[in-house]
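Undergrad: All letters in the sequence shown, in the order written, are residues 1 to 187 by UniProt numbering.
Don't take every hint at face value.
Unchecked claim - Derived CB-CB ranges, DEER-like: (1) Asn32 to Gly113: 14 to 22 Å; (2) Thr78 to Asp162: 32 to 40 Å; (3) Glu81 to Thr46: 18 to 26 Å; (4) Gln133 to Gly65: 17 to 25 Å; (5) Gln69 to Gly168: 28 to 36 Å; (6) Leu149 to Asp107: 31 to 39 Å; (7) Ser158 to Gln79: 25 to 33 Å.
Simulated from the structure, these hints should not be mistaken for lab results.
Since this is a predicted model, take the numbers as computed values, not measurements.
We put the CB at the ideal spot given by N, CA and C, even for glycine.
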Amino acid sequence: MKYILSAIFLSVVVRALHIPQSGRRSSETCGNPADAVPFYRSYSPTVVDHYYTADANFVNVFDSGYPLQGVAAFVFITQEESTVPFYHLYSVAATDNYYTISTTERDAAVQNGYIIVNGSVNDDPLTYIYPTQVCGSVPFYKLYNPTKLDNFYTASESERLDFIANQGYLDIEIAGYVLPATPSQCD
């Protein structure tokens, strides 16, 4: 009897410890995925500019010159565990939207005539993404076309490769890590 109780106790302890990772969320490292919102992508073929926003209301009233292309990824609009600000800057002179998690890049862009767009009254909300790949996040690739002066961001590996091979974009860096727009991007 003593061994049976010990075996039952050990079995219960082992089961409690063996909870699959997908069923656990570490409050020390992960934001709550339920708090993530769509990060919409629009594109203006006229001025050759990609634009991203987490504000669905802004997408719905955005100038028709920037038709909605879809959801690029999921981001946070409140700071969650392990996330950092994803700054949105804009250059009127270059008609270019630029996004970065780096305060050094942000400040350099401001010195070169860009203005900080998000966090201002009546502008995009400040968004937050992961600086490292954690919590089921995927890379948010930053590409740049020097001929068109366009920054392009995507979480899709196949889209990234297509823009590099067929559309003249350079692979710049991983801008940060986002939650995937589609479950297939988790593969």
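Undergrad: In this structure, is the beta-carbon distance linking serine 158 and glutamine 79 contained in 25 to 33 Å?
TA: holds (31 Å)
Undergrad: For asparagine 32 and glycine 113, compare the CB-CB distance with the range 14 to 22 Å and indicate the outcome.
TA: violated (37 Å)
Undergrad: Taking the beta carbons of glutamate 81 and threonine 46, is their distance inside 18 to 26 Å?
TA: Violated - the Cβ-Cβ distance for glutamate 81 and threonine 46, about 40 Å, lies outside 18 to 26 Å.
Undergrad: Do the beta carbons of glutamine 133 and glycine 65 sit within 17 to 25 Å of each other?
TA: For glycine 65 against glutamine 133, whose Cβ atoms are near 35 Å apart, the range 17 to 25 Å is violated.
Undergrad: State, for the Cβ atoms of glutamine 69 and glycine 168, whether the hinted interval 28 to 36 Å holds or is violated.
TA: Taking Cβ atoms as reference, glutamine 69 and glycine 168 lie about 18 Å apart, which means the hint is violated.
Undergrad: Between leucine 149 and aspartate 107, is the Cβ distance one that fits in 31 to 39 Å?
TA: This hint is violated: roughly 21 Å between Cβ atoms.
Undergrad: Does the hinted range 32 to 40 Å hold for threonine 78 and aspartate 162 at CB?
TA: For aspartate 162 against threonine 78, whose Cβ atoms are near 33 Å apart, the range 32 to 40 Å holds.
The structure fails to meet hints 1, 3, 4, 5, 6 from the earlier list, while all remaining hints are met.
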